[in-house]
Amino acid sequence: MVNPISWRLATVNGIRDETSSVRSLTLGLPGWPGHRPGQHIDLRLTAEDGYSVERSYSIASEPERDGEIDITVERIPDGEVSPFLDEVVVVGDRLEVRGPIGGYFVWEAALGGPLFLVAGGSGIVPLMAMIRHRHRAGATVPTRLLFSSRYAEEIIYRAELDAFAAAGDGFEVIHTLTRSRPPGWTGYDRRIDDRMLAEVLEPLGVTARTYICGPTALVEVAANALVRLGLPPDRVRTERFGPTGT
Amino acid sequence: MLDHSDDPSVERELDGNALAGVFESMFGGDMTAVPGRCAHCHTVNMVGAMRVYMGGPGAVLRCPACDEVVLRIVETADATYVDARGAAYLVFRRSPEGARG
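First to last, the protein sequences are chains A and L. Here my numbering is used: the first residue of the first sequence is 1, the next is one more, and so on. Here my numbering is used: the first residue of the second sequence is 1, the next is one more, and so on.
These are calculated hints, taken from the structure and not from any lab test. Beta carbons: idealized from backbone N, C-alpha and C, even for Gly. Hints may be right or wrong, so weigh each one.
Computed, partial: chain A to chain L, Cβ under 7 Å [said to hold, decoys possible]: (1) Ile101; (2) Gly102; (3) Tyr104; (4) Thr216; (5) Glu239; (6) Arg240.
Some chain A residues well away from chain L (every beta-carbon gap over 12 Å; in silico) [claimed, not checked]: (7) Ser6; (8) Arg16; (9) Gly28; (10) Asp42; (11) Ala47; (12) Asp66; (13) Asp93; (14) Pro100; (15) Gly103; (16) Ala152; (17) Asp169; (18) His175; (19) Val200; (20) Ala217; (21) Glu220.
Build the full structure now, drawing on both the sequences and the hints.
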């Protein structure tokens, strides 16, 4: 069988801090075939002794960009890969990647809406590709993002999300902060629960296409609650990224 | 699925999306949107929605409805072993299924 997805070299074209523990890398990939929002890449690091590790990273950027993609990486202490991406990689480095990969957790403007997005922490990343694509494609499908973070300063893409919400094209972002709130905070102040999901979903109705990405516990809570609220299970797409907390 | 829990000491409970690259290199196309029927409870779920445990020597996919094992995958130096006795069937459509539905 011919391997349909082969490893190729990407060049790090840019590095941008998103928060104190999260940064985005722009990877130059000449001839990139384009991706569907929500897809990911696999990234492989190989040490001089031949030991190699692979990790999956969601693509954060919209497919309309030509020849490059962004990934967003959260530093996980004691991780094998993320400290390298967080501390060692510099512009001009080359990394092995393959992709785009995945077809289940994907939304494109042609699919329509309404669109309900639920993110926990760095689970925002594949949803951001959908949001950026929605904006870039000029789509106006009613879209609500419920975004759970621990602290205000840990909200990834906060300024960009606010700008999209201010565009007046039917995109809204609703934050919840689970650990502490700054003075004057008007968003939610607890972990995502049934009542919060019902309130945020209500304007969209139970036909909303729903994408949930975050830590396993958050995904389980949200997916189960939304099915109880009447969303058809096949409209609730989920992606779990492991036990790191929000 | 930003980084599928980069801490190798933690047993990782993820979902079928985490295996998309491995699957695609094995099967020649996207597997996450492939529906599979659990041989135990007969529920049909897409592979991307199945629970995945990656703490052992391979990966185990479990049915999200009944938690029974649907697929086991072990990669060795020269081969990939797929134990599919927990899957009644998998549906490979000839046109991309993608995010339909």
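Checked hints:
no., hint, verdict
1, Ile101, "holds (4 Å)"
2, Gly102, "holds (4 Å)"
3, Tyr104, "holds (3 Å)"
4, Thr216, "holds (5 Å)"
5, Glu239, "holds (5 Å)"
6, Arg240, "holds (5 Å)"
7, Ser6, "violated (9 Å)"
8, Arg16, "holds (15 Å)"
9, Gly28, "holds (20 Å)"
10, Asp42, "violated (4 Å)"
11, Ala47, "holds (14 Å)"
12, Asp66, "holds (22 Å)"
13, Asp93, "holds (18 Å)"
14, Pro100, "violated (10 Å)"
15, Gly103, "violated (4 Å)"
16, Ala152, "holds (20 Å)"
17, Asp169, "holds (21 Å)"
18, His175, "holds (18 Å)"
19, Val200, "holds (22 Å)"
20, Ala217, "violated (10 Å)"
21, Glu220, "violated (9 Å)"
Hint compliance for this structure: hints 7, 10, 14, 15, 20, 21 are broken, all remaining hints hold.
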